[in-house]
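Can you make the complete structure from the sequences, with help from the hints?
If you want the building blocks of each chain, they are given just below.
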Amino acid sequence: MVEGLKVINLKKTFKLSAKQQKLEKTKDKVRKAVDGLSFEAYKGEIYGLLGPNGAGKTTTLRVIATLIKPDEGDVIIDGLSVVKDAGKVRGKIGFLTSDMKLEAFFTPNYLFDFFASLYGMSEDKIKSRKEELFKMFGIDEFAEVKISDLSSGMKQKTSLAMSILHDPDLIVFDEPTNGLDVTTAKTVTDFLLRMRDEGKTIILSSHVLSLIEKVCDRVGIIMRGKMVVEGRVDELTKEKDLETIFIESAREVEFNEKRTNSN
Amino acid sequence: MKNVLTVIKKELKRFLTDPRMILALVMPGIIMMVVYTSIGAIIKNIEKKTTYSVITVNQPAIVASMPETQSIETFHKTIPGSVVDIGDTTKEYVLEQIEKGDVDLLVVFEKDFWDKVNAHDADSSVPAPKIELHFNSAKTDSSKVYSMYSMFLDELEGAMIAINKFDIDLKDTAKPTDIGIMLISMILPGMLVIFLSAGSMGVVTESIAGEKERGTIAALLVTPIKRSELALGKAAALSIASLASGFSSFIGVIVALPSMMAGVELEVNMYSAGDYFGVLAILISTVMLLTLLMCILSTMAKSVKEATSFTGPIMLVVVAAAFPTMLGMVSSTNLALTLIPIFNSVQCLAQILSKSFNVGYFVMTIVMNLVYTGLGIFVLGKMFNNEKIMFRQ
Ligand SMILES: Nc1ncnc2c1ncn2[C@@H]1O[C@H](COP(=O)(O)OP(=O)(O)OP(=O)(O)O)[C@@H](O)[C@H]1O
Ligand SMILES: [Mg+2]
Numbered sequence: 175m176v177e178g179l180k181v182i183n184l185k186k187t188f189k190l191s192a193k194q195q196k197l198e199k200t201k202d203k204v205r206k207a208v209d210g211l212s213f214e215a216y217k218g219e220i221y222g223l224l225g226p227n228g229a230g231k232t233t234t235l236r237v238i239a240t241l242i243k244p245d246e247g248d249v250i251i252d253g254l255s256v257v258k259d260a261g262k263v264r265g266k267i268g269f270l271t272s273d274m275k276l277e278a279f280f281t282p283n284y285l286f287d288f289f290a291s292l293y294g295m296s297e298d299k300i301k302s303r304k305e306e307l308f309k310m311f312g313i314d315e316f317a318e319v320k321i322s323d324l325s326s327g328m329k330q331k332t333s334l335a336m337s338i339l340h341d342p343d344l345i346v347f348d349e350p351t352n353g354l355d356v357t358t359a360k361t362v363t364d365f366l367l368r369m370r371d372e373g374k375t376i377i378l379s380s381h382v383l384s385l386i387e388k389v390c391d392r393v394g395i396i397m398r399g400k401m402v403v404e405g406r407v408d409e410l411t412k413e414k415d416l417e418t419i420f421i422e423s424a425r426e427v428e429f430n431e432k433r434t435n436s437n
Numbered sequence: 030m031k032n033v034l035t036v037i038k039k040e041l042k043r044f045l046t047d048p049r050m051i052l053a054l055v056m057p058g059i060i061m062m063v064v065y066t067s068i069g070a071i072i073k074n075i076e077k078k079t080t081y082s083v084i085t086v087n088q089p090a091i092v093a094s095m096p097e098t099q100s101i102e103t104f105h106k107t108i109p110g111s112v113v114d115i116g117d118t119t120k121e122y123v124l125e126q127i128e129k130g131d132v133d134l135l136v137v138f139e140k141d142f143w144d145k146v147n148a149h150d151a152d153s154s155v156p157a158p159k160i161e162l163h164f165n166s167a168k169t170d171s172s173k174v175y176s177m178y179s180m181f182l183d184e185l186e187g188a189m190i191a192i193n194k195f196d197i198d199l200k201d202t203a204k205p206t207d208i209g210i211m212l213i214s215m216i217l218p219g220m221l222v223i224f225l226s227a228g229s230m231g232v233v234t235e236s237i238a239g240e241k242e243r244g245t246i247a248a249l250l251v252t253p254i255k256r257s258e259l260a261l262g263k264a265a266a267l268s269i270a271s272l273a274s275g276f277s278s279f280i281g282v283i284v285a286l287p288s289m290m291a292g293v294e295l296e297v298n299m300y301s302a303g304d305y306f307g308v309l310a311i312l313i314s315t316v317m318l319l320t321l322l323m324c325i326l327s328t329m330a331k332s333v334k335e336a337t338s339f340t341g342p343i344m345l346v347v348v349a350a351a352f353p354t355m356l357g358m359v360s361s362t363n364l365a366l367t368l369i370p371i372f373n374s375v376q377c378l379a380q381i382l383s384k385s386f387n388v389g390y391f392v393m394t395i396v397m398n399l400v401y402t403g404l405g406i407f408v409l410g411k412m413f414n415n416e417k418i419m420f421r422q
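Chains A and B, in that order, are what the protein sequence lines are. The numbering of the first sequence is this note's numbering, which starts it at 175 and goes up by one. The numbering of the second sequence is this note's numbering, which starts it at 30 and goes up by one.
Mixed in with the good hints there might be a few duds.
Said to hold, decoys possible - DSS-like, lysine-lysine: derived pairs with alpha carbons at most 30 angstroms apart: (1) A:K329 <-> B:K173; (2) B:K106 <-> B:K159; (3) A:K266 <-> B:K417; (4) A:K189 <-> B:K334; (5) A:K262 <-> B:K334; (6) A:K193 <-> B:K411; (7) B:K417 <-> A:K203; (8) B:K106 <-> A:K189; (9) A:K301 <-> B:K255; (10) A:K299 <-> B:K31; (11) A:K193 <-> B:K417; (12) B:K31 <-> A:K275; (13) B:K417 <-> A:K185; (14) A:K206 <-> B:K331; (15) A:K329 <-> B:K255.
The hints are simulated quantities; they were obtained by calculation from the structure and are not laboratory data.
Put into structure tokens, the structure is as follows:
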């Protein structure tokens, strides 16, 4: 059994609506959002996905989280396939994106109980886990305040706690620090490092190079749905910094594309 | 099943904690009450606005032989305003006032009117005693009170001929509540179903499309709960909320009903417990069907705004389905018609409320509603599973 995460030759296309075609000035009927992507993320490490807008990061993470199905390929999580065992996989993943929100009308306390019971946790288990996580994130102070009345930092802490309430083996974060202020972003990075130390597998996407450099063990740069550079962050950044690597690969992809188009 | 209950509980709690939702729940009722009470008040106002000023000359004395209900005195009492007798005086001054509009009607009886009436022989050449009516046809009030008065005199004249020859004993065969039953069976079924859909529309678009728009649904979709359980839980909770909202409108109408149907006698015991139960059963099954329909359309939408425009046409369909009953077109003979959703419910409600309950139609309607609802839940579950619908760009 593979521990951690294995993405195998993942492909995903979307049909483009007429509106999208017009907006993006293309005549293509379909968009190859992910185009034969393969990589592995190991237990106890943080894997970062880097790439320009529209590279296919969110799509990849959604496939991993079983929200969408791949056209081809598979993702294996602790030996389970996201295609065949989607239900079981859901119990093992903690998924969080910046545009995934908590319902504004409830308190952290209520939402915790609600989600925990959907994960089939027993009442005792819910209680002890809540105590543990609320203490860890300092949620006790505002546990009975409605989400709508919380500051964005408090909301983020609550979201983080919710995403791992079922103690998942794999944590999937899409742009975890997007739109957060410095203090709140630090809560997130602290959290990520802590989870790594607990031996979780973590995969995240981000546009923030400094975040990747600081927390990620390995990074994959994807462009147009394909992996263009992959490696250990410390090794890759020995000679050039991430920014240079990113821009050079972007140029290369663009150059190759022009060449195939003119042929 | 436990998950379904968890979702239902959460959704219901949500309605009770969100002021907007509570507003969406009770607002239709309040609006209905205000609108219908004021309509009733306006109608009443139009009816009673004017008072008339009538002057009589030589008003005849009460005659014992006349039934009291037909007497001139009793009639005068029913005229809003004042009726004043000025005895046997000149009428020129009064005529001037009629022209000006200060007085609406002048009624001049011949002196000793009843004596002359009794003495009168239709075969003789002596002219019958006269009553003169002076009015001003250019003035509405004057014309109105004139026609009221002349109608009364016509009746009186008819009665006079008949008097002592045979008893006039008019009896209305209709029970006073019958007209109430007829009006209710025409108005209420359509209204109820329209309220239910309006209530359901607000609640469902806000809950389903709202969750998509605000990005809270993804948090649910990554949990191990089955999509069909989620669909069932949502649909059940939203049905309850829709019913509550429809019920609030219903209360609004009931409160306003007496002022709307002023003069029509209504009683709670016009209907039996069985009738009320039948109505409730139809309403509950209808609300489930409507809610599912709204759920499906709202799930296709990306935003509340879009969902509102998707579900809007349902209102038209509902109004169209309710239309025949509003014209009193109710038929229980063709059971095939129970296959048409919503129409069947409105018809069945009208049948119950008009006291022409038909067991076959009732059972078929409930069964069809449940079948369509079950189908709806199945479709909704499939939609929740469909990434193209849930993550449309
Ligand atoms: N549901 C969808 N329907 C149609 N096209 C889609 C859909 N989801 C993604 N796409 C398209 O697929 C491509 C990849 O999108 P994706 O969101 O995965 O990119 P990303 O790397 O996350 O970009 P960003 O950095 O902007 O978040 C884009 O061109 C996008 O327009
Ligand atoms: Mg993205």
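Tested hints:
As the CA atoms of K329 of chain A and K173 of chain B are separated by approximately 72 angstroms, the hinted pair breaks the 30 angstroms bound. Taking the CA atoms of K106 of chain B and K159 of chain B, the gap is near 22 angstroms; set against the 30 angstroms cutoff, the hint holds. At roughly 24 angstroms between alpha-carbon atoms, K266 of chain A and K417 of chain B fall within 30 angstroms of each other, so this suggested pair holds. Using a Cα cut-off of 30 angstroms, the hinted pair K189 of chain A and K334 of chain B holds, with the two alpha carbons roughly 24 angstroms apart.
The suggested pairing of K262 of chain A with K334 of chain B is violated, with an alpha-carbon distance near 36 angstroms, which exceeds 30 angstroms. Note on K193 of chain A and K411 of chain B: the hinted pairing holds, with a Cα-Cα distance of about 26 angstroms set against a maximum of 30 angstroms. Proximity of K417 of chain B to K203 of chain A is assessed by CA-CA distance (about 15 angstroms); at most 30 angstroms being required, the pair is judged to hold. Simply put, K106 of chain B and K189 of chain A have alpha-carbon atoms about 81 angstroms apart, too far for the 30 angstroms limit, and the pair is violated.
Our distance criterion of 30 angstroms between C-alpha atoms is met by K301 of chain A and K255 of chain B, whose separation comes to about 24 angstroms. Between K299 of chain A and K31 of chain B the alpha-carbon distance is near 17 angstroms, which keeps this suggested pair within the 30 angstroms criterion. Taking the CA atoms of K193 of chain A and K417 of chain B, the gap is near 16 angstroms; set against the 30 angstroms cutoff, the hint holds. The hinted pair formed by K31 of chain B and K275 of chain A meets the criterion: a straight-line CA distance of about 24 angstroms does not exceed 30 angstroms.
For the hint pairing K417 of chain B with K185 of chain A, the CA-to-CA distance comes to about 16 angstroms; that is within 30 angstroms, so the pair holds. In summary, the hint linking K206 of chain A to K331 of chain B is supported, as the alpha carbons are separated by about 23 angstroms, within the 30 angstroms threshold. The hinted pair formed by K329 of chain A and K255 of chain B meets the criterion: a straight-line CA distance of about 27 angstroms does not exceed 30 angstroms.
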